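One line per chain: the protein sequences are Y and U, in this order. When we follow this note's numbering, the leftmost residue of the first sequence carries the number 1, and every step to the right adds one. When we follow this note's numbering, the leftmost residue of the second sequence carries the number 1, and every step to the right adds one.
Honestly, the hints are just simulated from the structure, not real lab data. Model, not experiment: these values are computed from the prediction. Heads up, some of the hints might be wrong.
Which copy is meant is left open, because identical chains are indistinguishable; a pair holds if it fits in one copy or across any two.
[As the list claims (entries may be wrong)] For lysine to aspartate or glutamate, the following EDC-like pairs were computed, each having C-alpha atoms within a straight-line distance of at most 16 angstroms:
| id | residue 1 | residue 2 |
| --- | --- | --- |
| 1 | LYS119 | GLU63 |
| 2 | LYS119 | GLU107 |
| 3 | LYS51 | GLU107 |
| 4 | LYS119 | GLU41 |
| 5 | LYS128 | ASP86 |
| 6 | LYS119 | GLU90 |
2 protein chains.
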Amino acid sequence: MNVQYINPFLLATIATFDTMFRCVLTREDPYIKTSDQPSHEVSGIIGLSGKAQGTVVVGLDREVAMKVAEIMLQERPADINSEVIDAVGELANIIAGGGKRHLTGMEMSVSLPTVITGKHHCIQFPSKIIPICIPFRSEWGPVTVEVGISELTPNP
Amino acid sequence: MNVQYINPFLLATIATFDTMFRCVLTREDPYIKTSDQPSHEVSGIIGLSGKAQGTVVVGLDREVAMKVAEIMLQERPADINSEVIDAVGELANIIAGGGKRHLTGMEMSVSLPTVITGKHHCIQFPSKIIPICIPFRSEWGPVTVEVGISELTPNP
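Isolated chain Y (complex conformation):
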């Protein structure tokens, strides 16, 4: 995967946490995701399509998801409920939307977000895709953004 696709999502994640939540994210070294790495407890998934196809996964530990929802709702939810699901879906939407705006010329649009919960779920990309994982540290806990993008090959 072309590394030029990574930076826009990296920057959009940092900017979103900064402006929406006043939460400083510290980026750690990106790595290539392998299939059997467990994911976070809550993951927002959103598809991208246009001149390239892609998926962005925003993975949050439970406490990060709770804090994100608490700030968006101005009230701490009791549990990982539908309000937290909505907040994490909206977060994925904002990060994917922010990232794609910098990929000018790709004419990409976003799908609906879905949110996966469950302690031992594993999110896997097709093996022809090499998804890049960008891990971040924050005062609330770890955040990971995974981006997999495939340029469409023109029809012969």
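Take the given structure of chain Y and dock chain U to it, following the hints.
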């Protein structure tokens, strides 16, 4: 959600299992997905975007996923490995692609599929969306297709 969006995916699922796998699916009554229903052990997720935004989730029990991969690979995989992930991702891609072709005028394109594994994962849509679940029975076990589509409101 407009029910006209459901039938194309229902028909695409039946046709795909019939033509690719010679497997007859029997449709049961569709229902509205609620947030806390557990999903199947393997789920293929694919986004749609265009004049509407959507997500299609193809949920398979373990044995159905294994049979799908066995037929696509012409060899039974040892476990839910990367070959099974690819087969389930491709299945989601074919069903979503088949469904969207019947939604003429929506100009929808598909994102990359992702595949979720894990016994107790839960896939949730934003609460403003009312996803429809279509359950099917087959000789291999149950299959569920969930479709959530949101028509975009034009900018004012």
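For each hint, the structure was consulted:
1. For the homomeric pair LYS119 and GLU63, the shortest alpha-carbon distance inside one copy (13 angstroms) is at most 16 angstroms, but the shortest distance between copies (22 angstroms) is not.
2. For the identical chains of this complex, LYS119 and GLU107 are neighbours neither inside a copy (35 angstroms) nor across copies (37 angstroms), given an alpha-carbon limit of 16 angstroms.
3. Taking the shortest alpha-carbon separations for LYS51 and GLU107, both the intra-copy value of 6 angstroms and the inter-copy value of 14 angstroms come in at or below 16 angstroms.
4. In this assembly of identical chains, LYS119 and GLU41 lie within 16 angstroms of each other by CA distance both inside one copy and across copies; the values are 5 angstroms within and 13 angstroms between.
5. Taking CA atoms no more than 16 angstroms apart as the test, LYS128 paired with ASP86 passes between copies only; the shortest distance there is 9 angstroms, against 31 angstroms inside one copy.
6. Taking the shortest Cα distances, LYS119 and GLU90 never come within 16 angstroms of each other, neither inside one copy (21 angstroms) nor across copies (26 angstroms).
Hints 2, 6 from the list above are not met by this structure, while the remaining hints are.
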